[in-house]
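Residues 9 to 362 (this note's numbering) are what the sequence shown spells out, left to right.
Bear in mind the hints are in silico, worked out from the structure with no lab data behind them.
Accuracy of the hints is not assured; some may be wrong.
[Unchecked claim] Straight-line distance between alpha carbons at most 25 Å, and here's what the computed PhoX-like set of lysine-lysine pairs gives:
no. : residue 1 : residue 2
1   : Lys137    : Lys189
2   : Lys137    : Lys287
3   : Lys89     : Lys70
4   : Lys137    : Lys226
5   : Lys70     : Lys90
[What the hints assert, rightly or not] DEER-style ranges, computed between Cβ atoms:
no. : residue 1 : residue 2 : range
6   : Gln110    : Asp259    : 37 to 47 Å
7   : Pro112    : Gly292    : 18 to 28 Å
8   : Gln288    : Asn347    : 19 to 29 Å
The C-beta atom is built at its ideal place from N, Cα and C for all residues, glycine as well.
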Amino acid sequence: MDYMKDVISFYKGKRVLVTGHTGFKGTWLSKILIDAGAEVTGYALTAPTEPSLFTISGIAEKMDSVIGDIRDRETLECVFKKTEPEIVLHLAAQPIVRTSYQEPVYTYETNVMGTVNICECVRKSKSVKSFLNVTTDKVYLNREWEWGYRETDMLDGYDPYSNSKSCSELVTHSYNNSFLKEMGIAVSTARAGNVIGGGDFAQDRIVPDCVRAVLEGKEIVVRNPYSTRPYQHVLEPLFAYLMIAKRQCEDISYADSYNVGPNECDCVTTGELVTLFCKQWGEGLTWVNQSQDGPHEANFLQLDCAKLKKLFGWQPKWHIEDAIAKTCEFTKIYRNAGNIEREMEREIQEYIGV
Numbered sequence: 009m010d011y012m013k014d015v016i017s018f019y020k021g022k023r024v025l026v027t028g029h030t031g032f033k034g035t036w037l038s039k040i041l042i043d044a045g046a047e048v049t050g051y052a053l054t055a056p057t058e059p060s061l062f063t064i065s066g067i068a069e070k071m072d073s074v075i076g077d078i079r080d081r082e083t084l085e086c087v088f089k090k091t092e093p094e095i096v097l098h099l100a101a102q103p104i105v106r107t108s109y110q111e112p113v114y115t116y117e118t119n120v121m122g123t124v125n126i127c128e129c130v131r132k133s134k135s136v137k138s139f140l141n142v143t144t145d146k147v148y149l150n151r152e153w154e155w156g157y158r159e160t161d162m163l164d165g166y167d168p169y170s171n172s173k174s175c176s177e178l179v180t181h182s183y184n185n186s187f188l189k190e191m192g193i194a195v196s197t198a199r200a201g202n203v204i205g206g207g208d209f210a211q212d213r214i215v216p217d218c219v220r221a222v223l224e225g226k227e228i229v230v231r232n233p234y235s236t237r238p239y240q241h242v243l244e245p246l247f248a249y250l251m252i253a254k255r256q257c258e259d260i261s262y263a264d265s266y267n268v269g270p271n272e273c274d275c276v277t278t279g280e281l282v283t284l285f286c287k288q289w290g291e292g293l294t295w296v297n298q299s300q301d302g303p304h305e306a307n308f309l310q311l312d313c314a315k316l317k318k319l320f321g322w323q324p325k326w327h328i329e330d331a332i333a334k335t336c337e338f339t340k341i342y343r344n345a346g347n348i349e350r351e352m353e354r355e356i357q358e359y360i361g362v
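Sequences and hints are given; from them, build the entire structure.
In structure tokens:
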């Protein structure tokens with residue numbers, strides 16, 4: 009894992025733009041970059057949850073935080089002109105499957121046209137050297153088969169969220185082939201599995217549902233305990249994103265599409281995940297299976313990450329048990345009004361191996 013220290017040192021003094029910085033992953037990513045000494049600008053809507061990790065971490069004062077809509081290209085272009093980013097990490101999205109059924113137009117506007125807008129700003133920029141679009145493992149045509157999807161498999165997400173992310177991939181590929189590659193700008197997409205970790209308060213996600221239940225003293229309700237997902241701690245994909253953006257900045261031949269997920273042993277069912285959470289939390293915590301009629305969601309999903317491992321020497325560091333343990337520890341610190349920023353620093357340093 010020595011490469012992670014090299015990744016951290018690379019970003020010192022770099023001008024980095026992070027879209028979606030007020031979200032769960034965006035906040036953790038911004039914190040990593042701030043601690044690394046990067047000049048970080050964030051562009052996003054206000055934090056999507058209450059409470060939010062962005063607010064309780066207190067990192068807004070340590071970065072240039074711009075509140076704006078990714079659908080607003082004019083404002084986004086002004087941010088590019090003002091900050092002249094060298095590296096752009098695009099995380100802004102409407103990320104919830106069930107919400108995408110309720111608000112499909114908003115989901116497509118944000119995830120597709122938002123990608124068009126960021127790609128157009130990169131095209132017009134004279135400073136960007138490396139651009140990474142973060143999508144999802146759900147971009148693939150899900151055939152419910154028993155092996156991991158590879159980067160060469162067909163893109164065709166089923167629900168509006170997944171499909172909009174498939175479209176986001178195609179938009180990025182088109183801009184790269186039509187403009188960005190010839191300009192010498194390195195472009196990649198990263199398709200990550202489900203992330204968990206401290207500070208996620210999103211709706212309709214299983215671990216945040218567990219967190220809300222324990223904070224409110226309620227029983228955990230699981231609507232689909234038999235679905236299998238590639239769960240991983242949030243720091244796993246974030247360091248992979250930074251590694252990809254760094255490497256392609258140094259050598260454009262590394263620009264490509266990459267899966268980022270856990271090893272097969274850490275792809276578990278939702279029921280197994282919640283059981284791990286209850287065991288780690290203690291206090292007699294339990295869960296109940298309460299199936300609900302709802303929109304279609306994939307039952308089995310797994311990624312083949314051999315490409316990232318072979319080309320970059322990347323390996324996941326924390327198993328699912330570690331990820332759950334750290335989530336529970338973080339949540340108890342939050343419940344007891346502890347220092348969230350310090351806990352984030354501690355976990356990042358532990359992950360790096362400092």
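### Query
Where does the structure disagree with the numbered hints, that is, which hint numbers, in rising order?
Failing hints, ascending: 2, 4 and 7.
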